[in-house]
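J.: Residues per chain are reported as follows:
Number of protein chains: 2
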Amino acid sequence: MEFSYTPLGTASATPSVYRYPSAHVLNIRGRLFLIDCGEACQIRLRRMGVSFLKIDHIFISHMHGDHVFGLFGLLSSMAMVGRTSLLNLYAPAAMRRTLDFFLTEFGEGVKFEIAFHSLEAVTEPTVIAPLRNLDILAFPLRHRMPTYGFLFQEHEPEPNLHKELVQQYDLGIYEMACLKRGQDVVREDGTCLRSEDFTYKPWEPRSFAYCSDTAPFPNLPGWVKGVDLLYHESTFAEALQENAATTLHSTARQAATCALEAGVGRLLIGHFSARYPDLSVLLEEARSVFPNTDIAKELTTFEIPLKKHC
Amino acid sequence: MEFSYTPLGTASATPSVYRYPSAHVLNIRGRLFLIDCGEACQIRLRRMGVSFLKIDHIFISHMHGDHVFGLFGLLSSMAMVGRTSLLNLYAPAAMRRTLDFFLTEFGEGVKFEIAFHSLEAVTEPTVIAPLRNLDILAFPLRHRMPTYGFLFQEHEPEPNLHKELVQQYDLGIYEMACLKRGQDVVREDGTCLRSEDFTYKPWEPRSFAYCSDTAPFPNLPGWVKGVDLLYHESTFAEALQENAATTLHSTARQAATCALEAGVGRLLIGHFSARYPDLSVLLEEARSVFPNTDIAKELTTFEIPLKKHC
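Chains as they are written, first to last, in the numbering used here: chain A, 1 to 310; chain B, 1001 to 1310.
A portion of the hints provided could be inaccurate.
To be verified - If you only want the chain A side, here are some residues facing chain B, beta carbon under 7 Å, derived:
1) PRO15
2) GLU39
3) ARG46
4) SER77
5) SER85
What the hints assert, rightly or not - Here are the computed distance ranges between Cβ atoms for each label pair:
6) B:GLU1120 with A:LEU53: 36 to 44 Å
7) A:GLU120 with B:THR1246: 40 to 48 Å
8) A:GLU242 with B:PRO1157: 50 to 58 Å
9) B:LYS1225 with A:SER280: 52 to 60 Å
Said to hold, decoys possible - A short, non-exhaustive set of chain B residues, derived as facing chain A with CB atoms under 8 Å:
10) THR1014
11) PRO1015
12) MET1080
13) GLU1124
No lab work stands behind these hints, which were simulated from the structure alone.
Just so it is clear, CB atoms sit at the ideal spot from N, CA and C, and this is done for glycine as well.
Start from the sequences and build out the full structure, keeping to the hints where you can.
T.: Structure (structure tokens):
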């Protein structure tokens, strides 16, 4: 029941000696989701020992090069290791031209289908991939070109029955099925067995949201409300707030303010300007607003633990 | 008077945990030349502390992705660090479409001119960049698409005068200039001063050749004859000679045979298949034919020392 997030690259604009361009991988119960695909993404995946073949869904936030220049290499390598299964690509509309160019000029060995899902119509949080046990939503961000954030939300688990009540009431299979479905049961003797008394939620569904690149805007905290883990860009420190405003990026303080207003569980900041080899100024600034903040350290896996009930 | 070669990436096809895609940098007396630009090339350049702005000439051997997918990121980063000076790009004709696509879709910030030099007309060794003190030649290789090797050849140095003869004959400025130009001088008293007696070559011009990707073919050793340093692809060991033949690559033995027939000074092998995490089989095989062979170890700088005369 793993739900973990691993940043592969957290540089903004141009890579530095310390950091790679944007790319991130989520492992949700063994299914891998790639978010953004900056240059050298495939090299970072190999470093993590991640099989390309296990990635069936790629999400591209926007068409700036530092978020997409790794896609050609990754798709080529997927072809070379013999991929045949469908790959889903969720991206801004402009990706279509880039994908067509790649397939025309470099796609000779690509034997798998790429289903392109344009995010063009997304103007508010919208389910773009309704999967088993999981909804993936996209929502617009505020940047210099069409840009989208992503929310990964586990479904509510099927309720469990209190074992001691199953025994005490000698429940039949049909009765158990009804109660688990949320239906109350009236027995022949008139006894009413209420679903809510006999069941409990075995664990809390988990969620992760990705917001990069974006300036702050009023709707955003509501759209990522209560997520367990929020990755939010923090390109600049507050001292360079004007640069952030001009380029439609966020400061560390603004990222933390979003986390605070949204009431998230934990904030990870990333997408750092190369002018910060030492990130402590960004971390301190964010923590002064939202204490449960950490650096999205590359190649580090952050788990969202399962909160069980019994 | 540096003349050095640094492999940035020596993987073939797809990168491995151990090796990056093809990219190589030459430093010839402080001028930097980039040969091939596989994914993450700019990251490797940063790792080496190489300023992007010092690269004015990029050479692309062929349009397989593992030799070009780093170009978009490098050009973008050159723009971001404020490049304004001309960049020369020497590549197969098909590069034109890729360059146009890049400039249309991702080139908004590119404020420098890119002079594209198509190698289409190259059918034998041809000077493609006649520079000060240096000729750069391209020649066709034998691969699955139009592919070119490159030869970097220093010019013959201007001869020096033997100092003791300058004093002994009390040479005048005009006489010295004539003798250095190779002209004999006849003095008023009838004495003939022969240029070859009064001058010597101060050092040997140096040369480097790059051959990747290619199958062996009869003309190649002659085209790289006597170079000081030869980089030659060795994708496979001899046991997989059939794979090499099918894919138009070389084995380590074939690379070494080329080096032997060409009488080069030193051979560096690279472009290794990912199936060889341990390269010793390839190195031993090559050395059995051409002993002065080494692995082109990534991020290692190989100097061609100046052979001085006096």
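J.: All the hints need checking, so say for each whether the structure fits it.
T.: Hint by hint, here is what the structure shows:
Because the closest C-beta pair between A:PRO15 and chain B is about 5 Å apart, less than 7 Å, the hint holds. For A:GLU39, the shortest C-beta to C-beta distance to chain B is roughly 4 Å, which falls under 7 Å, so the interface hint holds. Among the interface hints, the one on A:ARG46 holds; its C-beta lies about 5 Å from the nearest C-beta in chain B, closer than the 7 Å criterion. The beta carbon of A:SER77 comes within 4 Å of a beta carbon in chain B, closer than 7 Å, and the hint placing it at the interface holds.
For A:SER85, the suggested interface contact is broken, since its CB lies about 18 Å from the closest CB of chain B, more than 7 Å. Range check, B:GLU1120 to A:LEU53: Cβ separation about 38 Å, and the 36 to 44 Å hint holds. Distance hint check: the CB atoms of A:GLU120 and B:THR1246 are about 44 Å apart, consistent with the given range 40 to 48 Å. As the Cβ distance of A:GLU242 to B:PRO1157 is approximately 55 Å, the hint placing it in 50 to 58 Å holds.
A hinted range of 52 to 60 Å holds for the C-beta pair B:LYS1225 and A:SER280, which are about 57 Å apart. Because the closest C-beta pair between B:THR1014 and chain A is about 4 Å apart, less than 8 Å, the hint holds. Hint status for B:PRO1015 relative to chain A: holds, with the closest Cβ pair at about 5 Å, below 8 Å. For B:MET1080, the interface hint holds, since its Cβ comes within 8 Å of a Cβ in chain A; the closest pair sits about 5 Å apart.
For B:GLU1124, the interface hint is violated, the least distance from its beta-carbon to any beta-carbon of chain A being 27 Å, above 8 Å.
Violated hints, listed in ascending order, are 5, 13; each of the other numbered hints is respected by the structure.
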